[in-house]
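Student: Chain by chain, the residues run as shown.
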Amino acid sequence: MMDTKKIAYFLLNEAGIGIILVLLCVLFSYFVPAFASMNNISNIFTQISINTVIAVGMTFVILLGGIDLSVGSVLALCSILAGLTITNKSLPVPLAIFLAVSVSIAAGIACGLFNGCVCERWNIHSFVVTLGMLNMARGAALQVSNSRTIFSFPKSFNVVGTYSIFGSLPVIFIMAVALVLIGHFVLKKTVFGRMIYAIGNNEEAVRLSGHNTKHYKIAAFAICGACVGVAAILYMLRLNIASPILGNGFELSAIAAVVIGGTSMNGGKGSMIGTLIGAAIIGVLNNGLLLLGMSDFARQIVTGAIIVIAVILDTYRAKLSLILS
Amino acid sequence: MNQDILTIQNVSKHFPGVRALSDVTFSIKKGEVHVLVGENGAGKSTLIKIICGIYRSDEGTILLDGSRYAPKTPKEAMDAGIRVVYQEFNLLSYLSVAENIFFDRLPRKGIIVDRKKLYTDTLEVLKRVGLDVDPWSPVELLGVAQMQLLEIAKAISSKCKLLILDEPTATLSPSEISRLFDIIRTEKASGLTVIYISHHLNEIYDIGDRVTVLRNGSFVGAKDVGEIEIPQIISMMVGRQMDSEYPFMESPKPTESPLLEVKNLRILKGKHDISFTLRRGEILGVAGLVGSGRTETMRAIFGADKREGGSILLEGKELDIKSPKDAVRQGICLLTEDRKSQGLILEMPLYANISLSAIDKFAHSGLIDKRAEYGAAERLSGELDIKTPSVSQLARNLSGGNQQKVVLAKWILREARVLIFDEPTRGIDVGAKYEIYLLLWRLLSEGKGILIVSSDLNELMGICHRIVVFSGGGVSGEILRADFEQERILKYAYRVS
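For the protein sequence lines, the chains are A and B, in the order given.
Numbering (my numbering) for the first sequence: 59 to 383.
Numbering (my numbering) for the second sequence: 591 to 1087.
The following block holds chain A by itself, in its conformation from the complex (with noise of 0.2 Å):
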């Protein structure tokens, strides 16, 4: 008896989301025999493998209830960044593919901590903040890259992201992967995740328990802004160009995976295996509409309803669990 609720209770809360796309994969694959082939598997894994990244850190940022619309934008400025120091030819190749990494990390977490200390400094949404910072951070990266898009990166990097092992397991969707782990590591054990659900819930109570709920949430931007740093070298590795006008949208690709991954906008509920099959949904969703031949505006339409869909889902999966809990 307890077991039988357990499973469901575990099939609501955990595996609710990952039912859906196992449908969905059936259902693409009874259609469209291609689907299912190696070959767009592995593309599949490719397509999601950047959105899941940003996914990774926006998860933190929504935790808390907030919100980060600057990750599209960030992302191109460090793109441009880490593009501009990995073709400086004055640098030893290994070297400066070393720093191109570090500088879009680094460039990233700048961004997500000056989001983050602006929002706790001045008690601003971060919605505004992070809105600003979209503008910012796209005019930033206009300016510094002369609008011109930067590519012929070293070859021994651009190896990198078309390399697959086993012949269908892209590496960059593995370190995506691996990233996805990470956070759900962080989540789930450290006093860090505790906290970060714990404000989620309920700051006020967490403040007065004597913590300094600040430093937490501008963490928190910072970390998405460090995957936001990782998302753009990866977007290098798969399309060898940096470019000032790319990403553009990504912010709403990560925030639709994370809130199918069934995490709440309110903050303090969600899980980071959720993002990952919530990223997985939406690729899986384009490539599939695709290969049945739908035009783009209709793929748009579908995938922009399968969003609403599953937040109303969602608030009977609230329901049920409650019911069993």
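Since the hints were made in silico from the structure, they are not lab data.
Treat the numbers as computed from the prediction; the structure is a model and nothing was measured.
Possibly wrong hints are sitting among the right ones.
Stated by the list, open to error - From the structure, some residues in chain A lie toward chain B, with a derived Cβ separation under 7 Å:
(1) Asn98
(2) Val229
(3) Asn259
(4) Leu266
(5) Gly268
Idealized CB from N, CA, C, for every residue including glycine.
Fit chain B to the known structure of chain A by using the hints.
Tutor: Just chain B now, with coordinates in the frame of chain A:
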């Protein structure tokens, strides 16, 4: 049975795992003030929610004026003339008083709101409840007592034959309470029936005609107010005999040397220097009206609000407290008045709530040792006798008294030396109150000092060694236990110093 306005017959309600109401039968007579009492979890709120259409009963029937009544929505209940004033107000704080009262039925001229009629109608309603405010002033500017009256005005201004008041006096001062009672009496005289829920048993005699006691979801008894005395009601509520409402013990005795000294403290809006001392092993009561600066002072000591000056000494050592973090580190902790929004994380399990402040104890290089954390929570849960199936239970699922124990467990784990309680037993039922008082004595025997802010003078006089009284943002008097007298405290409380 024409004179019964509401008849409740064999009503039962189950929630998963809980039997909230079982086979409850009683009736409310037309034109009476019917007091409903019972411990938290006794089923009062569930019953009210069924009457006003939020829940539906599983079994049983309700008759309203003799005909079957089973509201599916709050709207249906309202249409039937049943109004509820909840503890948490349902007011739109940015709208005006007038718009709040007539929200669902604004007078119109064509499609435009008839502001003149709205104004005069509102004035008339406000006069009925004796509320002297401008109909156009926004509700957020009103005080708590005024909001309470506004809620009642809103309820009785529409078609209302049965008014349900849920703990209406919890936040009111004595004079405001007597005004509320006057209004209830006037409305009763013009035919209104009232169901009155309260934890303050002495109010039963001031306002009630009959009293019904619920316990564990069952009906225990109903009596005319004249036929029953408070101790009897209490034993009906808790199901056992209780010798006294307040435990007070001769030992441990407070030490001579001070534990906490507050010297010339200034709070932001206060004009006065506030000074008092708390000794080890002492319960010091803090009395005063709402707005007298008592809560603000406690929050300032705890670092939750800014202070303008003055010093705080713990065992003779001056403390530099700028935030709750500083205070907690020094062993000073605050149990806030509002447990749900400031003391607990309702959606998280008990163990996480208990370890919230002392989480570092269970951390090894940033990782939580879950087993140690869980074990400590279980130990405290057992020691404080927190009633819960397990410490994995969400804090939300506990009753008020047990929630307060969880907050207390949090601070015990943090090894607090000074515990400041703001309204420690508000909204907590008699039986659980007693357990909490006993816990206070246990803390004293461990050498801690306790400050208690309370609006309930009987409580303060029952359990404190000494009482300081606040008035107008300063300390207006100090009374030793031997000299405790309600009049004396009130005299200080009303003194404009």
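Student: With a cut-off of 7 Å on the beta carbons, see whether Asn259(A) makes it to chain B.
Tutor: holds (5 Å)
Student: Taking 7 Å as the limit, does the beta-carbon of Leu266(A) come near enough to a beta-carbon in chain B?
Tutor: OK, holds: Leu266(A) within 7 Å of chain B, min 5 Å.
Student: Going by Cβ atoms only, is Gly268(A) closer than 7 Å to chain B?
Tutor: holds (3 Å)
Student: With a cut-off of 7 Å on the beta carbons, see whether Val229(A) makes it to chain B.
Tutor: Hint on Val229(A): violated, closest Cβ of chain B at ~29 Å, above 7 Å.
Student: Are Asn98(A) and chain B close enough, Cβ to Cβ, to be under 7 Å, as the hint says?
Tutor: Because about 40 Å separates Asn98(A) from the closest Cβ in chain B, which is outside the 7 Å limit, the hint is violated.
Hints 1, 2, counting from the list given before, are not met by this structure.
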